[in-house]
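Participant: Each chain, letter by letter, is given below.
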Amino acid sequence: MKTLVRDGIWDNNVVFAQMLALCPTMAVTTSGANGLGMGLASTAVLVASNVLVALIRGVVSAQVRIPVFIVLIASLVTVVDMALNAWLHELYKVLGLFIALIVVNCAILGRAEAFASKNSVLASLVDGLAMGVGFTVALVVIGLIREGLGAGTLFAQASQLLGENFAFLETRLHERGGALLMILPPGAFAVMGFLLAGKRVLDTRLEARAKAKESSEAQPAPAQAG
Amino acid sequence: MSRLAYRAERTFAAPHAHGDGSVGQTMFLVQLALTPATLFGFWLYGWPAFFLWTTTLVSALVFEFFCLRLMGRKAPGRALADGSALLSGWLLAMTLPPWSPWWVGCLGAFIAIVVGKQVFGGLGQNVFNPAMVARVALLISFPLQLTAWVTPLPLVGAGAPGFVDGLYIFLGQTPLPDAMTSASLLGFAKTELARGAELSQAFAAVGAPQVSWLGVRAGSLGESSALLIALGGAFLLGVGIIRWHAPVGVLAGTLIPALIAHALAPERFLDAHTHLFSGALLLGAFFIATDYVTTPATAAGRLAFGLGVGLVTWVIRSLGGYPEGVAFAVLLMNGITPLIDRCTRPRILGRTRGGEAIAAVGKEA
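In the order they appear, the protein sequences are chains A and B.
Numbered by my numbering, the letters in the first sequence go through residues 1 to 226 in order.
Numbered by my numbering, the letters in the second sequence go through residues 1 to 365 in order.
Bound conformation, chain A alone:
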């Protein structure tokens, strides 16, 4: 269970390790609030689809599984789409176009195929949640960096998404505005690239440290021996 969570959030992160779902990642992360909204909507779909797929995995034959998964995911996305339109209409106006695109978010079909169709309902639920949180975190981080550099704000319009209680999140870093490029598509690729490189460096360092620890535990330090 711990591995599942760790996998979803860090080791096997949808964006930073599997490199899936890059289309919504690039398109909606122009601000932290947009990233958060997209992440949460995707998480909801991901959890529901994982659970449903795990439930029916014994019934569906291998030959028709992909169409069945797609119909399932498409129905779920339609539900989320309508729910957002009904209860979070302001956010829907911003994200509307991209919500429908969750259907083709390869992360969701990917988890259905790679995990939920082979595992129990509970494991699939946890997996969907962990992957969804990992995806959300990635989207929010990219969104915040782009927003901070490009517009000079953080979490602008977050209260529309989360309710008036969260208005304190909205920060203005400076008044001058920012580098417009970061809001445009090239900014998404640049931020994504630097984050990927950063994660790799971190992973390599951690691995090296773990290895050093292992070898030092296996052989007692020569100072003690001598």
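Bear in mind the hints are in silico, worked out from the structure with no lab data behind them.
Even for Gly, the Cβ is constructed at its ideal location relative to N, Cα and C.
Among the hints, erroneous ones may be present.
Claimed, not checked - When the alpha-carbon atoms are kept at most 27 angstroms apart in a straight line, the in silico DSS-like pairs for lysine-lysine are as follows: (1) B/K190 x A/K199; (2) A/K213 x A/K2; (3) A/K211 x A/K199; (4) A/K118 x A/K2; (5) A/K2 x A/K211; (6) B/K74 x A/K211.
Claimed, not checked - Which chain B residues face chain A? A few, computed with CB under 8 angstroms, are given here: (7) V115; (8) V119; (9) A137; (10) I140; (11) S141.
Given chain A, put chain B in place with the hints provided.
Facilitator: For chain B alone, kept in the frame of chain A given last:
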């Protein structure tokens, strides 16, 4: 390592010959060719221009050093001495408005060196010209600062900012007075056209920027003095650092459509003379489109590359939204350079174009 061993290491099977030059030598000669125009720019735009130039170059070197360290390259100091980062920074500084605040130069150097060059693997690996990547990124990000051209105030003349005032402008503490800012010629033409004015009337009006060989007018370091840039280009051609194909291609690509369009509709299109002496056309033709790394490898390919740059430049200047398009044109053509290289692949020695072996001549006798 002795010189002989160095040579031996580079000697491959015939028909290759070692040119016996080094990266550092080439970069130095290009910098030498840029020096006259740069010095003239300092004289024309005063201390702020000098501060900006220095900042851009120093930051380029610092970022290059930092990247080489990060990549675990041995002896980063020696790699730094090849002057390639210095040249990228220099070329970038030539294209910036001379009175930009310090962070424009610093950020530009970061984009050029880190995003434009080292991310791709360093010297010789980059797909796009680093200086042009930085220039375009800055222009899109900060349109206001990147179009604030100043009227020339020669260093010795009255009203020019002194050392301390120049420092304040450079640090971004003093907003540029309106009287000192001025449209560049291409920008002026674009605005007038957008207002629906005819070009001939617009240029006859008082205060319109004039074309000038010598370059006492608003612009960046690299565009003001067409004469000195062209001289630098001629020097590079003379010492064999660049070949004629790319520059000729660029100039022909812009001037031929300009001639035709101006002859057909003079009230709508600028004449070839204006195109030639304004903006970064000459700098682009001699210093940017001749970059070894990001342009095609063959003579025919370079000519095609140059024509493409020139044509796209003219299209952007005449029909596009931006007044100047050399940087965009160079980046676009950089993108299709691999394609050009594929289409202009040279014949293999001893084989026909189709790859068939050629029968030895004279064997029958």
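Participant: Evaluate each hint against the coordinates.
Facilitator: Hint by hint, here is what the structure shows:
1. B/K190 x A/K199: violated (46 angstroms)
2. A/K213 x A/K2: Distance of about 22 angstroms is within 27 angstroms: holds.
3. A/K211 x A/K199: holds (18 angstroms)
4. A/K118 x A/K2: At roughly 18 angstroms apart (the allowed maximum being 27 angstroms), A/K2 and A/K118 satisfy the hint.
5. A/K2 x A/K211: holds (21 angstroms)
6. B/K74 x A/K211: Holds, because 25 angstroms separates the two Cα atoms, which is no more than 27 angstroms.
7. V115: Nearest chain A Cβ about 6 angstroms off; hint holds.
8. V119: With Cβ-Cβ at 7 angstroms, under 8 angstroms, it holds.
9. A137: holds (5 angstroms)
10. I140: holds (5 angstroms)
11. S141: Because about 4 angstroms separates B/S141 from the closest Cβ in chain A, which is inside the 8 angstroms limit, the hint holds.
When the structure is compared with the earlier hints, a violation turns up for hint 1 alone.
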